[in-house]
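Q: Residue numbers (the working numbering): 1 to 131.
Simulated from the structure, these hints should not be mistaken for laboratory data. A quick note: this is a predicted structure, and the numbers were derived from the prediction, not measured. Keep in mind that the hints are not guaranteed to be accurate.
As the list claims (entries may be wrong) - Label pairs and their computed distance ranges (CB to CB):
#1 13 <-> 75: 31 to 41 angstroms
#2 108 <-> 11: 50 to 60 angstroms
#3 123 <-> 49: 42 to 52 angstroms
#4 67 <-> 104: 15 to 25 angstroms
#5 87 <-> 55: 40 to 50 angstroms
Glycine included, every Cβ here is placed at the ideal spot set by N, Cα and C.
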Amino acid sequence: MPQDHTERRVTVTAPPRRTVPHARLRSRGRYPQASGYYRPRTEIDEQTTLGHTYVRSLMRTQLRAALTVFAILGLLVGPLPLLFAATPGTGRLEWAVLGFGLYAPLVLLARWYVRRAERNERDFVRLVEDR
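Based on the sequences and whatever the hints tell you, model everything.
A: Pasting the structure below:
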């Protein structure tokens, strides 16, 4: 059996180096002066425990807003079948309640949720970017 004496390829890796930003950028205040200071964005990018905590707090506030909307929606729509069963023979009233009485609160609820979610994300970005 012939033996192959070619060398085997080896991949050499090392941890990424921390580069020092240019002095001009540091003087403008875009980078912190202290060498041991990590920005929250770095924590998130490197997926550290603190970065995980930041992301988890955003997810928790978004979930809280969604559950609030879901609860209000349940309280708004849930009793309607009982109301309709209690008042038989009012077909036009049912359609009026579903078409007009329910549509406006649903639009307002959706608008509140979108504004709340955007505010949560804006607050998170402000926290992460140290503004």
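Q: Failing hints, ascending?
A: 1 and 3
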